[in-house]
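S.K.: Just so you know, the protein sequences line up as chains A, B, C and D, in that order. Quick note on numbering: the first sequence equals residues 1 to 235 in our numbering. Quick note on numbering: the second sequence equals residues 1 to 235 in our numbering. Quick note on numbering: the third sequence equals residues 1 to 235 in our numbering. Quick note on numbering: the fourth sequence equals residues 1 to 235 in our numbering.
Worth flagging that the hints you see were computed from the coordinates, not collected in a lab. There may be inaccurate statements among the hints.
Which bits of chain C does chain B cover? Going by a derived footprint, with three or more residues having C-beta under 8 Å, they are [unchecked claim]:
hint, region
1, 115-122
2, 182-190
3, 202-216
4, 223-230
As a list, the in silico DSSO-like pairs of lysine-lysine whose alpha-carbon atoms are at most 30 Å apart [said to hold, decoys possible]:
hint, chain 1, residue 1, chain 2, residue 2
5, B, K204, A, K204
6, D, K204, D, K217
7, B, K20, A, K20
Partial list, derived from the structure: chain C residues whose beta carbon lies under 7 Å from chain B [what the hints assert, rightly or not]:
hint, residue
8, A195
9, M196
10, T199
Cβ coordinates follow ideal geometry from the N, Cα and C atoms, glycine included.
There are 4 protein chains.
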Amino acid sequence: MEADLVHLRESVYEANMMLKRSGLTVLTWGNVSGIDRDSGLIGIKPSGIPYEQMRPEDIVLVDLDCHVKHGLLRPSSDTPIHAALYRQFGAIGGIAHTHSRYATSFAQACLEIPCLGTTHADVFQGPVPVTRALRAAEVQADYEQATGTAIVERMSMLDPSTCPGILVRQHGPFTWGPSAGAAVANSIALEEIAAMAATALALKADTPLLSQHVAAKHFSRRHGSTAYYGQPGRQ
Amino acid sequence: MEADLVHLRESVYEANMMLKRSGLTVLTWGNVSGIDRDSGLIGIKPSGIPYEQMRPEDIVLVDLDCHVKHGLLRPSSDTPIHAALYRQFGAIGGIAHTHSRYATSFAQACLEIPCLGTTHADVFQGPVPVTRALRAAEVQADYEQATGTAIVERMSMLDPSTCPGILVRQHGPFTWGPSAGAAVANSIALEEIAAMAATALALKADTPLLSQHVAAKHFSRRHGSTAYYGQPGRQ
Amino acid sequence: MEADLVHLRESVYEANMMLKRSGLTVLTWGNVSGIDRDSGLIGIKPSGIPYEQMRPEDIVLVDLDCHVKHGLLRPSSDTPIHAALYRQFGAIGGIAHTHSRYATSFAQACLEIPCLGTTHADVFQGPVPVTRALRAAEVQADYEQATGTAIVERMSMLDPSTCPGILVRQHGPFTWGPSAGAAVANSIALEEIAAMAATALALKADTPLLSQHVAAKHFSRRHGSTAYYGQPGRQ
Amino acid sequence: MEADLVHLRESVYEANMMLKRSGLTVLTWGNVSGIDRDSGLIGIKPSGIPYEQMRPEDIVLVDLDCHVKHGLLRPSSDTPIHAALYRQFGAIGGIAHTHSRYATSFAQACLEIPCLGTTHADVFQGPVPVTRALRAAEVQADYEQATGTAIVERMSMLDPSTCPGILVRQHGPFTWGPSAGAAVANSIALEEIAAMAATALALKADTPLLSQHVAAKHFSRRHGSTAYYGQPGRQ
Numbered sequence: 001m002e003a004d005l006v007h008l009r010e011s012v013y014e015a016n017m018m019l020k021r022s023g024l025t026v027l028t029w030g031n032v033s034g035i036d037r038d039s040g041l042i043g044i045k046p047s048g049i050p051y052e053q054m055r056p057e058d059i060v061l062v063d064l065d066c067h068v069k070h071g072l073l074r075p076s077s078d079t080p081i082h083a084a085l086y087r088q089f090g091a092i093g094g095i096a097h098t099h100s101r102y103a104t105s106f107a108q109a110c111l112e113i114p115c116l117g118t119t120h121a122d123v124f125q126g127p128v129p130v131t132r133a134l135r136a137a138e139v140q141a142d143y144e145q146a147t148g149t150a151i152v153e154r155m156s157m158l159d160p161s162t163c164p165g166i167l168v169r170q171h172g173p174f175t176w177g178p179s180a181g182a183a184v185a186n187s188i189a190l191e192e193i194a195a196m197a198a199t200a201l202a203l204k205a206d207t208p209l210l211s212q213h214v215a216a217k218h219f220s221r222r223h224g225s226t227a228y229y230g231q232p233g234r235q
Numbered sequence: 001m002e003a004d005l006v007h008l009r010e011s012v013y014e015a016n017m018m019l020k021r022s023g024l025t026v027l028t029w030g031n032v033s034g035i036d037r038d039s040g041l042i043g044i045k046p047s048g049i050p051y052e053q054m055r056p057e058d059i060v061l062v063d064l065d066c067h068v069k070h071g072l073l074r075p076s077s078d079t080p081i082h083a084a085l086y087r088q089f090g091a092i093g094g095i096a097h098t099h100s101r102y103a104t105s106f107a108q109a110c111l112e113i114p115c116l117g118t119t120h121a122d123v124f125q126g127p128v129p130v131t132r133a134l135r136a137a138e139v140q141a142d143y144e145q146a147t148g149t150a151i152v153e154r155m156s157m158l159d160p161s162t163c164p165g166i167l168v169r170q171h172g173p174f175t176w177g178p179s180a181g182a183a184v185a186n187s188i189a190l191e192e193i194a195a196m197a198a199t200a201l202a203l204k205a206d207t208p209l210l211s212q213h214v215a216a217k218h219f220s221r222r223h224g225s226t227a228y229y230g231q232p233g234r235q
Numbered sequence: 001m002e003a004d005l006v007h008l009r010e011s012v013y014e015a016n017m018m019l020k021r022s023g024l025t026v027l028t029w030g031n032v033s034g035i036d037r038d039s040g041l042i043g044i045k046p047s048g049i050p051y052e053q054m055r056p057e058d059i060v061l062v063d064l065d066c067h068v069k070h071g072l073l074r075p076s077s078d079t080p081i082h083a084a085l086y087r088q089f090g091a092i093g094g095i096a097h098t099h100s101r102y103a104t105s106f107a108q109a110c111l112e113i114p115c116l117g118t119t120h121a122d123v124f125q126g127p128v129p130v131t132r133a134l135r136a137a138e139v140q141a142d143y144e145q146a147t148g149t150a151i152v153e154r155m156s157m158l159d160p161s162t163c164p165g166i167l168v169r170q171h172g173p174f175t176w177g178p179s180a181g182a183a184v185a186n187s188i189a190l191e192e193i194a195a196m197a198a199t200a201l202a203l204k205a206d207t208p209l210l211s212q213h214v215a216a217k218h219f220s221r222r223h224g225s226t227a228y229y230g231q232p233g234r235q
Numbered sequence: 001m002e003a004d005l006v007h008l009r010e011s012v013y014e015a016n017m018m019l020k021r022s023g024l025t026v027l028t029w030g031n032v033s034g035i036d037r038d039s040g041l042i043g044i045k046p047s048g049i050p051y052e053q054m055r056p057e058d059i060v061l062v063d064l065d066c067h068v069k070h071g072l073l074r075p076s077s078d079t080p081i082h083a084a085l086y087r088q089f090g091a092i093g094g095i096a097h098t099h100s101r102y103a104t105s106f107a108q109a110c111l112e113i114p115c116l117g118t119t120h121a122d123v124f125q126g127p128v129p130v131t132r133a134l135r136a137a138e139v140q141a142d143y144e145q146a147t148g149t150a151i152v153e154r155m156s157m158l159d160p161s162t163c164p165g166i167l168v169r170q171h172g173p174f175t176w177g178p179s180a181g182a183a184v185a186n187s188i189a190l191e192e193i194a195a196m197a198a199t200a201l202a203l204k205a206d207t208p209l210l211s212q213h214v215a216a217k218h219f220s221r222r223h224g225s226t227a228y229y230g231q232p233g234r235q
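Generate coordinates for the entire structure from the input sequences, incorporating the hints supplied.
M.R.: Here it is as structure tokens:
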């Protein structure tokens, strides 16, 4: 196997283990993928394998049409959702999916997460969106494909670099980023954002939105050409 | 002792330690059992022994009438509840009982857990049911037996393979599965399901139920002949 | 030093470290004591010492009037509260004090914890009581002594063996038991009981009380001559 | 480098790692600084560096005008806020900033934290204040400087030794103390205080304030010339 694909497997393996260590996921829940754009191959967690037992060589490599190219295990059943996002958004390099407690609770309540503070604005420019409900025919025809389509549809007016995640209605969050590890970091951030929003709204039902000038400032501190958070030349 | 019984003890011991590691239980609370259907013997946690001090040989083996067959310790005081379930449901191989925080809170509120999302639908086809209240005479005559009867009664129209757990009213959850380890996994899942339902309901009191077509799809992704979650030939 | 006092220090040290490991306490908060009834000496945590730095020989030994008999450090500033309880209740052997999150929240809300389920009834026969407010003159004269008096006063119609803890109004919980370790176990149980009560009440404001016949049954499963929880001859 | 500056770096490094271990912060969030008053140099966490990768020599030393004096990395983007506080409050030796869940939720709800119990009164004499909103022009001109000014402004009638922290509106908490480690300890305490206040208010919306005589007593048990908490001669 080429060095790039070995590297893809290792980075996707590490990102999955980072997700496990984060405490966002129990049992075999959740999955992380990454893509090597040169080969067009996606590395993704195998379905239903305990994190503790997984090894880098268990990461399944599939193409953008979800055909397995390398690997002895079946890929995550959510693979078509990941592939749909990689096909649509050429700039993303990794995707994470969890059932983390607070983000999933917002998804179950069918509520987007409003931007109530700078923690949110550091990561998302605007609310965290929610996908529409799927029709029975869509679920029956190809459920995962329909989920991917619903995400792409909801993101149609949004930029995946300023909106690095979404809540799938009554399901849970997907996040993305330039790499598999960055996608997991966005899952961790999203869970904190969701927990704080839930807690703030419980304290005061009419918690105000963060003003646009502070929100824009915070996002631009960390992202884009005006960023001054972090170290130059490091992501 | 026969190899099968040694294996039973080890698997029940491991499942109890998995429960402890999960953080669902404090002190000596909770208990897990498994059954060897050939011998008709149940292996169960000894009563009141700290998890840290327990060894595989401390797992008590009792028959379906709760008579101790092997072991120097007294079995869990909840043993008659486990036995009642094993007698009634021939397909289950393990049972777990916890006082996990959110599932127990629903039990205390005497509320079944509605199916609000796919995390729930992955595990339960329908709401998590609650048993009826016990009458004073039942409590005085044989409390644990009456609890087992109330569970069996509430499950009478339900299938233990699609409803792998229940909330005992004002007490806490029991879960089951094909093995002791699977029963513990269902306890872990149930606690997450309960926590997310409590949080979603706090965010929006009229959180809608998951539509039946999505619920059925999710359950069937993981269970039965149409399953495509996980690896072929592994549970 | 006599062997009994060495043993007292070790058991009190171990109980304090058990409290720390439980996660109920942060920084230097909380304290645990034990008593050797033969010598009338109380072993208690030194004031303001980080748990990580404490050694068994740092446990301060004081008499029932709070005079230091052995030890180079100042005892916990809450020592007069512990001593008041040991003087009043001859059957208790250990006391634990925490600011654990949920129990303290009930204390701050000036609400007793109602018995909403069997987890509660396993430990407390009846609600967890709250002390009265202290008058300004009491606080100025001898604050810790007044706190001890308020606890003794509130317990006047209660039995410390069936009510093994109390909430000091707007302060936090004290628990007790036959040993320092048992007192800590009751603190751990109380925190779970408080968390479940808070969660159940949030789910349903009119969550019903556990019926008296189930409550009495559960307590008697674990305590007194009718107990059948645990192993014979072990606490 | 002088011994004092080596010591500053080590103590600031240790305080940052204490923050990480406390669980108050995820990813690269949060930052802790300390000051050496003799040299007028502040040691502060480098921007965007994972705690796990940070070494003592990565701590950036800046002067009170935020010019980097020692260090190869860019200091925290919040450095101007820290510097503003050190310039204003000559008695503080360390500052910690987190996005801890409950304290940040109060900041997002734009609510000060009322003093509802002795846990709060042990640390803060009075409510935990909230800064005012920043105007768009302030955000555009110099956001971090404006944040520092807003804190100083809100603290104008308060004493930083009796009010060792503040909530920056819609952002999160800053705490301080005589050393970097003491500032982190105050962050840990503040998060518990916030969590208990949120829980108490959810249990009872009209939870009463702690009476002034108990609040004053508790603060004075720990702080100032009347303190009798802790060991003489230790902080």
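S.K.: All hints are to be evaluated individually against the structure, with a verdict given for each.
M.R.: Status of the hints after comparison with the structure:
Residues of the region 115-122 of chain C with a Cβ under 8 Å from some Cβ of chain B number 4, which satisfies the need for three, so the listed coverage holds. Counting residues of the region 182-190 of chain C whose CB lies closer than 8 Å to any CB of chain B gives 3, which reaches the minimum of 3, so the coverage claim holds. With 9 residues having a beta carbon nearer than 8 Å to a beta carbon of chain B, the region 202-216 of chain C meets the requirement of three or more and the stated coverage holds. With 3 residues carrying a beta carbon less than 8 Å from a beta carbon of chain B, the region 223-230 of chain C meets the three-residue requirement, and the given coverage holds.
Among the hinted pairs, K204 (chain B) with K204 (chain A) is consistent with the structure: their alpha-carbon atoms are about 14 Å apart, no more than 30 Å. A hinted pair counts as satisfied when its Cα atoms are at most 30 Å apart, and K204 (chain D) with K217 (chain D) qualifies at roughly 25 Å. Straight-line distance between C-alpha atoms of K20 (chain B) and K20 (chain A) comes to about 18 Å, which keeps the hinted pair within the 30 Å bound. Evaluation of the A195 (chain C) hint against chain B yields a held restraint, the C-beta minimum of about 6 Å falling below 7 Å.
Given the 7 Å rule on beta carbons, the hint for M196 (chain C) holds: about 5 Å separates it from the nearest Cβ of chain B. Interface restraint check: T199 (chain C) against chain B, minimum CB-CB distance 4 Å, threshold 7 Å, status holds.
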